[in-house]
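S.K.: Given the sequences, and given the hints that come with them, work out the whole structure.
For the record, the sequence lines run as chains H and W. Per my numbering, the first sequence runs over residues 1 to 390. Per my numbering, the second sequence runs over residues 1001 to 1235.
Keep in mind that the hints were calculated from the coordinates and are not lab data. Hints are not guaranteed to be accurate.
Some chain W residues close to chain H (C-beta under 7 Å, calculated; not the full set) [stated by the list, open to error]:
(1) F1033
(2) L1044
(3) N1067
(4) D1073
(5) A1096
(6) R1100
(7) H1111
(8) M1123
(9) A1125
(10) H1127
(11) L1153
By construction, the Cβ of each residue, glycine as well, lies at the ideal position given by its N, Cα and C atoms.
What follows is the residue order along each chain.
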Amino acid sequence: MAVAEKPARRGRRGSMFATLLFKALLRRGGRAGVAAASIVVGAAVVAALMSLYLDISIKMSEELRAFGANFYVGPAVAGGERGIAEDTYAAVLREIPNDRMVGASPLLYGIVRLDLGPAVMAGVDFRGLRQISPYWQVEGSWVGVAFDERNAMIGRRLAESMELKVGDTVTVINRERTQNTRLIVKGIVDTGAAEDEQMFVNLSLAQKLLNLPGRVDFAMLSLIAQGPEADAMATRVNAGVPGVEAKPIRKISQSDGQILDKIEGLMALVALTILIITTLCVNATLSAMVAERTPEIGLQKALGAENRAIVSQFLAETALICVAAVAVGLILGFGLAQVLGQAVFNAWVTFRPAVVPLTLIVSLAAALIAAILPVRGAIGVVPARVLKGE
Amino acid sequence: MDALAEGMPMEGCATYGAPARDVIEIGGLYKRFGAVTALDGVDLTIRAGEFVAIMGPSGSGKTTLLNILSCLDTPSEGRYLLDGIETATLDGKAQAVVRREKIGLVFQQFHLIPYLSAVENVMLAQHYHSVADRDEAMAALERVGLGPRAQHLPSQLSGGEQQRACIARALINEPAIVLADEPTGNLDEKNEELVMALFQQLHAEGRTLVLVTHNPELGARTQRIIRLNHGRVEA
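M.R.: Following this line, the structure appears as structure tokens:
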């Protein structure tokens, strides 16, 4: 189609588009506000759950450490020896990265005689034992010093059968009856498991009483690692320290993964539901805006606006509302993440920069999907009808 | 209003001293809505620089003809040449191009965008045509006597002022033809006179104007009346 050349105009392309965009939104502040509020809610939930999602592996691992040790180190089966040397245990600890270690304790078991009969005694590193056994209920207090050979902790049922209370003194006699040691019961332990029948003393004392100097039976560790990462650490220890067998305790490691999967799936489901609701709200609001602006759209078409221009205008308005709403939603979402982090994990959630673009992309996608039907409605406006007031 | 004669681009105007060309050529034009025939074989020609009124009773097909003339609708059958362009077979996108390049529309209800000022309403037509130029839009409003009211919103303008803003918008892209649909239908006598004087001045400058009206007094002030009845042009 031949169109005559027009004299060049002085003006900035896009400035009228911006004027139209902002004034149209200001004119319909109420409706735009409703659409923005919907997106704020959606963006806040998405940002909060995404912050938690990105932080949850670490938070969950820390939380799941409350269930106890998740890593075992003992003598290699092929060696046929009882236990491992204390130096070997120290070498194992050196193989574990510090940032992955929550706590560790060697254990050396033996039978001793107490005043009222025999008992199982465990030599431990009390500081490490406390870190890998945070769920233990202790009456009295923990033995806090590593070289303390005057105090002991005793299991609930053993204490009852020996009629011992916190502060009582108990005499421990070795199997050969060559050594008597008087210990003060500093804490009574209640775990609901085998520990309730045992007595706990410092490793060095246990080694003397059992006549096993420099030996431990095995060690229990609590590591921040799950699944393949825990397997990799076991492989590394096995390769780096000869004569030991290291392995993750599957029950807890697998629980880590399963709980994580379930929580992440739940979060995704909640986010998806909120996004669908947001999309429907935005769709309803944009549809009302288009219906209200039908005469305006008809006029724009009569003035020569192509469908592309109408689509651009509505999508730009939607995107503008969305970007403003996401900015608010991100702030609220980070706050919500802190509330959830404190409520669920008792920890602050770290700000992850990736949350910003991800929330923006997800929210924009939801808003633009919501705009599809209203924009189609705008394209379908027949100017000849609306300009006649039909 | 004399300012209209100064510097107003004249692309859509007749050239004095030369034979006037046909701006609109319509032949065998039909428009059917189901079983109803709104336009029944219309033939007409409008030359550049003519000031024509299309008149007829309700249901005669005036609005249907105007919609086709303004490329807001397409005929069911027939030929419509606008400034040499066959528009009857154009798709929606090409029709939009023709509307912004060749046609200036003046409406009975003015149809100004309520949240844009008078000058921004004129700039909107420039925006869809090429690029919005505030100075040029201001000059157009000054030509219709609305310079001091350029920054006002439509709600702050009288009916006559709104219609003059609408006329400035229709003229801003120098269209081949200005189509006015009952342009004084919502105006009082004083503003009706003002708007008609403006149209007559535009005609005197050589612009091609088509006025759809049911008012015989307005029709009498045009150069030629085309009467429609039952979708046909009366002889």
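S.K.: Classify the hint on F1033 of chain W as holds or violated, based on whether any CB of chain H lies nearer than 7 Å to its CB.
M.R.: Hint on F1033 of chain W: violated, closest Cβ of chain H at ~12 Å, above 7 Å.
S.K.: Using Cβ atoms only, decide whether H1127 of chain W comes closer than 7 Å to chain H, and label the hint accordingly.
M.R.: This interface hint holds because 4 Å falls under the 7 Å limit.
S.K.: May I ask you to test the interface hint for D1073 of chain W with respect to chain H, counting a Cβ-Cβ separation under 7 Å as satisfied?
M.R.: The hint holds - D1073 of chain W has a Cβ within 7 Å of chain H, the shortest such distance being about 5 Å.
S.K.: Go through the hint on L1153 of chain W and say holds or violated, using the shortest Cβ distance to chain H against 7 Å.
M.R.: violated, 10 Å
S.K.: Does N1067 of chain W hold up as a contact with chain H if the rule is Cβ-Cβ below 7 Å?
M.R.: holds, 4 Å
S.K.: Hold the hint about L1044 of chain W up to the distance rule: shortest CB distance to chain H must be less than 7 Å.
M.R.: violated, 20 Å
S.K.: Using the nearest Cβ pair, does A1096 of chain W come within less than 7 Å of chain H?
M.R.: Holds: closest Cβ of chain H sits about 5 Å from A1096 of chain W, inside 7 Å.
S.K.: Measuring from the C-beta of A1125 of chain W to each C-beta in chain H, is the shortest one below 7 Å?
M.R.: holds, 5 Å
S.K.: Holds or violated: is there a CB of chain H closer than 7 Å to the CB of R1100 of chain W?
M.R.: Since the shortest Cβ distance to chain H is 2 Å, the answer is holds.
S.K.: For the hint on M1123 of chain W, does the least C-beta distance to chain H fall short of 7 Å?
M.R.: holds, 5 Å
S.K.: Grab the minimum C-beta distance from H1111 of chain W to chain H and call the hint holds if it beats 7 Å, violated otherwise.
M.R.: holds, 5 Å
Figure legend: structure checked against the earlier numbered hints; hints not met, in rising order: 1, 2 and 11.
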